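*Asks:* Hey, can you work out the whole structure from these sequences and the hints?
So the protein sequences, as listed, match chains L and Z. Its first residue numbered -7, the first sequence is counted upward by one per residue in my numbering. Its first residue numbered -7, the second sequence is counted upward by one per residue in my numbering.
Quick caveat, the hints were computed from the structure, so don't treat them as lab data. Since the structure is predicted, the reported quantities are computational estimates derived from the model, not experimental observations. No false leads were mixed into what you were given.
Since copy identity is lost for identical chains, a pair holds within one copy or between any two.
Straight-line Cα separation of at most 20 Å, SDA-like style, residue types lysine to any residue; simulated pairs: (1) K101 / S32; (2) K101 / G30; (3) K101 / A29; (4) K152 / A5; (5) K6 / A113; (6) K6 / D140; (7) K152 / T112.
There are 2 protein chains.
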Amino acid sequence: MSNAEELVVKLSAKGLTCATAESCTGGGVGSAITAVAGSSAVFKGGVISYSNDVKAYVLGVSRDLLARVGAVSGEVAGQMAAGARRVIGADIAVSLTGIAGPGGGSAEKPVGLVWFGVATAARIATERRVFTGDRAAVRSAAVAHAIDLLSAAADGLEGKG
Amino acid sequence: MSNAEELVVKLSAKGLTCATAESCTGGGVGSAITAVAGSSAVFKGGVISYSNDVKAYVLGVSRDLLARVGAVSGEVAGQMAAGARRVIGADIAVSLTGIAGPGGGSAEKPVGLVWFGVATAARIATERRVFTGDRAAVRSAAVAHAIDLLSAAADGLEGKG
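*Replies:* Here it is as structure tokens:
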């Protein structure tokens, strides 16, 4: 079973739903989850917030925060996850915001840097990763890690079933 | 050049932006567009409206319409595209709602049926297609066609550049 298949099985068994807020992966996490037949029982949807306007207007990320710390930051990842969970209406939401490359990197925020957020009713967690490789490799690794984070979050929640 | 690369080049040259509203492809169109380096100049984002709640709450699709004609319909595809264009704030939005299979098909709405919508400031158009093959083949064909529809819509708009 793929990680996405395991996630769908796990969420289905617990009666839990999930949502996504994607920036650098542009919909790749949602695409991977919905590649699994039967995923509609657990995946409610997501927001592809590629521009800062969408992060602010649709997900409710603070414009002040975006201006102050930048879109690729733990604070923004946390607000994206919380926003997706609220807007989409799911038990767990994962978010990603990063620099897939080849352009856009800096010493402080290199190409391959991805911030993740995970939001449940109880808490919001964030995590920083730096992936290596080209744009496709960074995006692929980020998708896989986002699915693992949803899975780990599901492990920590009691089922509703 | 892939179709997505051609789309990004075309939109960039015209100074136009695009957005997506995806159901059966779950983010695959956004993922394909953002696989292209430099796509952030033209792709603002999208909504993955896998559940009817997200179609209604986030995209503004009429709940009465969803109940009356079902999510997989031209009317809903049109409202999804119009909603994405408005919520995301883009010049052109494409939408998809269909039955990727293997389950969920009927005589009237077979597996492989996908309704597309395209919204610009001037008009909303819808199109019905039935793709053959398994879930992955249907989704892949639907992603490719959505990108072609965005490209054709861009051809019909005057540039802002």
